[in-house]
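Below are the chains, spelled out letter by letter.
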Amino acid sequence: MMPQGIWPAVLGRFVWTSLPFVRAWEHPTASEIIGAGAASIVIIGAVSTVALIIWFGKWRFLWSEWLTSLDHKKIGIMYIVLAFVMLSRALIEAVLMRLQQAAAINNPGFLAPDHFAQLFSTHGSIMIFFMAMPFLAGLINFVMPLQIGSRDVAFPLLNSISLWLTGGAAGLMMASLVIGEFSTGGWSGYPPYTELAFSPGVGPDYWIWAVTLGSIGSTLTGINFAVTIYKMRCPGMDLMRMPLFVWTALCTSILMIFAMPPLTVATALLALDRYLGFHFFTNDLGGNMMNYANLFWLFGHPEVYILILPAFGVYSEVVSTFSTKDLYGYTSLVLATAAIALLSFTVWVHHFFTMGQNANINAVFGIATMTIGVPTGVKIYDWIWTMFRGEVRFTVPMLYSLAFMMTFVLGGFTGILLAFPPLDYLVHNTLFLVAHFHNMLIPGLLYGMLAGYHYWFPKAFGFRLNETWGRISFGCWVVGFYLAFMPLYVLGAAGLARRTQEVFETAFRPWLYIAGVGALILLCALASLVVQLWVSIRQRDANRVFAGDPWDGRGLEWSTSAPPPEYNFAILPRVHGRDPFYDRKRNGDPYAPSGSYHDIVIPKNSMTGPVIGVFGAATAFGLVWHMWWLAIIGLLVIIAAVVARSFARDVHEIISADKVERIEGRWLRAVVKATSIPRKVEMKPVNQGLARVSG
Amino acid sequence: MSGPRDTRRDEIRSYGIGYGLALGLTGAAFAIVHWPGFVSTTTLVVVLGLALVQIVVHFRFFLHISLPRSARDDLQLILFSTLIVILMVSGTLIILFNLRARMM
Amino acid sequence: MSASEVRHAGLNLGNTDELTHEQAESAIFGFWVFLMSDAVLFALLFATYGVMLPATVGGPTPASEYKMLPAFLETLELLTSSFTFGMATVAMKHAASRGELLGWMGVTLILGGAFLGMELNDFVTMFGDGAFPTRSGYLSSFFALVPLHGLHVFFGSIWIIVMMIQVVTFGLDARVKINILRLGLFWHFLDIVWVAIFSVVYLQGLIQ
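Residue numbers (this note's numbering), protein chains in the order written: chain G, 596 to 1290; chain U, 65 to 168; chain L, 19 to 226.
It is possible that some hints are incorrect.
Pulled a few chain G residues facing chain U out of the computed Cβ check, cut under 10 angstroms [stated by the list, open to error]:
{"hint": "1", "residue": "K826"}
{"hint": "2", "residue": "F853"}
{"hint": "3", "residue": "P857"}
{"hint": "4", "residue": "M885"}
{"hint": "5", "residue": "L890"}
{"hint": "6", "residue": "T941"}
{"hint": "7", "residue": "W943"}
{"hint": "8", "residue": "M950"}
{"hint": "9", "residue": "Q952"}
{"hint": "10", "residue": "N955"}
{"hint": "11", "residue": "I1228"}
Source of the hints: derived by calculation from the structure; they are not laboratory data. Glycine included, each C-beta is placed from N, C-alpha and C at the ideal position.
Hey, can you work out the whole structure from these sequences and the hints?
This is the structure:
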């Protein structure tokens, strides 16, 4: 029954059956009940989170210490929290899909086709835009300014705005579970299927606006990071003295700046088609849907390098530290990173070899694709030679790095296979492709992010993570990955297409069962991470590393307390080479202050970020549901917030030299009291964050 | 930006020269289309060429970007952006025109 | 970046503190980076226009819709407004009074408004011919590219008004100066995009 009167204008195209609970009530199939269950989890989760915060009286604390903070360290942590939450959702969705395919061999399974399609669409969109991008943005945010000897990023307010735009977009994704439905067009959203003619509902609109908000956030982040690295390095830190993680952050930022606009164009033009009846990609009146694929992948290919380069940066840091050896081939690693970044703009057609352009064009892009494998190979060799004759310590980050080196290379091989157009014609859009890109993303990106998480967690929070549960989780990630994805290569080569809700070939059964088991093991991997965090927090007092250098690290980030003070460095450092902290430890007193303390100016907190994020999401929600009043109000509030902020003049606060002295003094006294430890006991509670330098 | 030691007159002259050149290039482009003298393809090439020159004039005289005077970071940025734009636009045109010829 | 190099020249921050100088350098460079990402966006809309030029589907064509005189006048308006903004920048750096700065900014605003008014009139004329964006792929691509530029000019004009208010309210403090410089970059950039528009869209469409 349609709402009457003014309600259509207020509620847009909302109807009662927009709610999954109503749909489940009217058609209580397994599929609908699962949908209603998911919506319930979101609502219960949101309500209980708010309730807990209110119960413990922490709203004020949360607002003033975290949500309005412009501190890059806190923003980094919030990004990673978001990433873990979204990882949980998307991983559960993956498990559902694996179970469906295992169950649905010559029978319909438990998920309706429409529901299955929403699952693969949300899974991909969330993993890329709301898990991977926030995770890497969070790691770079936390670590990079510390590594370059800076107090913050170039534009702290913009940093907060980017975080909140991403958060708002993630909120929109969660809202799609509770009100309405999501797109069934995959994470790439190809028209004409996603045009009004074939997808008139709210799904594609949710996708368009969530991705748009997120991509604006990412573009701004890229600008922020690039300017920070260009302009705010401490004295003495030339480009060729930067840590590799900073080099990869720089190249990632450059990719973000130039690769996000094509996505904005693609989704904006699709939105114009859907909202205003334009004909960019429609079947009729001159639309050319092939241009969508072209625009989308102009973004999409550099995007995957945005995802992998920060992971490569983590591996460089981790392999060097835990091989107790200088990174081998610094210059070649830098050149390889730059080459990968540049070449990533020259290969996009390999995502649509089969679209119909002639063989010569395909050949050019095939060759370019094969070329881009070379610099990655250079990096692998550099890391191997870093380990060679080093004293390798098999800590959790190092284990992830080793698993990466072996598993990622396998995926790279299949990439070279796919780069060959005739071969790609056979396996395009089969599970072979799905196996390939998960083979790159999980051992590549995800292991790198997890390694970074384990490596820098003590710096961020002041205590180490539990190593045993870290190893359990690692084991599950590796075993689970192999079981879940190696069968997909076989299935894809045998002809099973991707995104299929029902399978009609019984010979596929054993492979799909193995893959299903693998997915469940991956779920255990995630659960182990949660247990690890719980256990680590409970044991935090025993594992504190306040002195700040638990791993005998090389970069400037290890030369501060754990956690670092708000201003990072009381006196901005001056460096004379690569691995500056390592050198200081071996050539004198690394903790002696290099001068006298002064007042330090830092940005005040601001609510501009939260306002833009919340009202950005509100605008998007209004656009999705055709609640034009909400969209207009949201947009006006955002503009007003930006203009109002430009009038603000009192935006800094000062930490007095006395206060700096007190903070530094407390830390330096702890350093003096701490016992320095050799590497072989670095996983024991005796590690207080002070490294023993022998010889 | 204009140099720190430029006098006010130098700066006004810079903008004035830029304005004058741009006016001339604009006029030429409109004229050559209004009173056609060449085959249409040539006219198009000339118009685009005049546009390219005028864009350089804008960069030099309004935005004060030039090889000897500008910071290295700014030049690197503009040149890299130009490269990316050329790659993306020419790639799009070549691929889509090929697709149109084969399929539409 | 050596300190003796172009230190956001044209800004004349004088003897202000080191932090402000550094922030100015980052702020200007950061805005350049943003403009480059915007340039890529426009470039792709140009490419899309090129791809969809033949998709007229029996409806209005470039030759039937584009009028040379309005395009020429709009070009003159926007180009002159770039010149007047340049004069405003000179006034900001050298003038004794704020009046000159505000005057040049006001002239720029008027020219920008004239440009927008004429352009809107062009669109209305096109609609009168049935040349709606919903008519064909070619018209869709025209109405994505050209009004997006117009939208940028519109927001630039709002920004001019905001800056004029801030000059009156705060005088020429460092933040106001940096923002006016960034606005200048934005305004000149928009004129550069217009050069491309009148060449690739209007003149190409009017070639016989």
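Taking the hints in turn, this is what the structure says about them:
1. K826: For K826(G), the interface hint holds, since the closest Cβ of chain U sits about 8 angstroms away, which is under 10 angstroms.
2. F853: The hint holds - F853(G) has a Cβ within 10 angstroms of chain U, the shortest such distance being about 5 angstroms.
3. P857: At about 7 angstroms, which falls below the 10 angstroms cut-off, the nearest Cβ of chain U leaves the hint on P857(G) intact, so it holds.
4. M885: holds (5 angstroms)
5. L890: Nearest chain U Cβ about 8 angstroms off; hint holds.
6. T941: T941(G) check passes; min Cβ-Cβ to chain U is 7 angstroms, inside 10 angstroms.
7. W943: Hint on W943(G): holds, closest Cβ of chain U at ~8 angstroms, below 10 angstroms.
8. M950: holds (7 angstroms)
9. Q952: holds (5 angstroms)
10. N955: holds (9 angstroms)
11. I1228: Given a least distance of 36 angstroms, the restraint on I1228(G) is violated.
In the structure shown, a violation is registered for the earlier hint numbered 11 alone.
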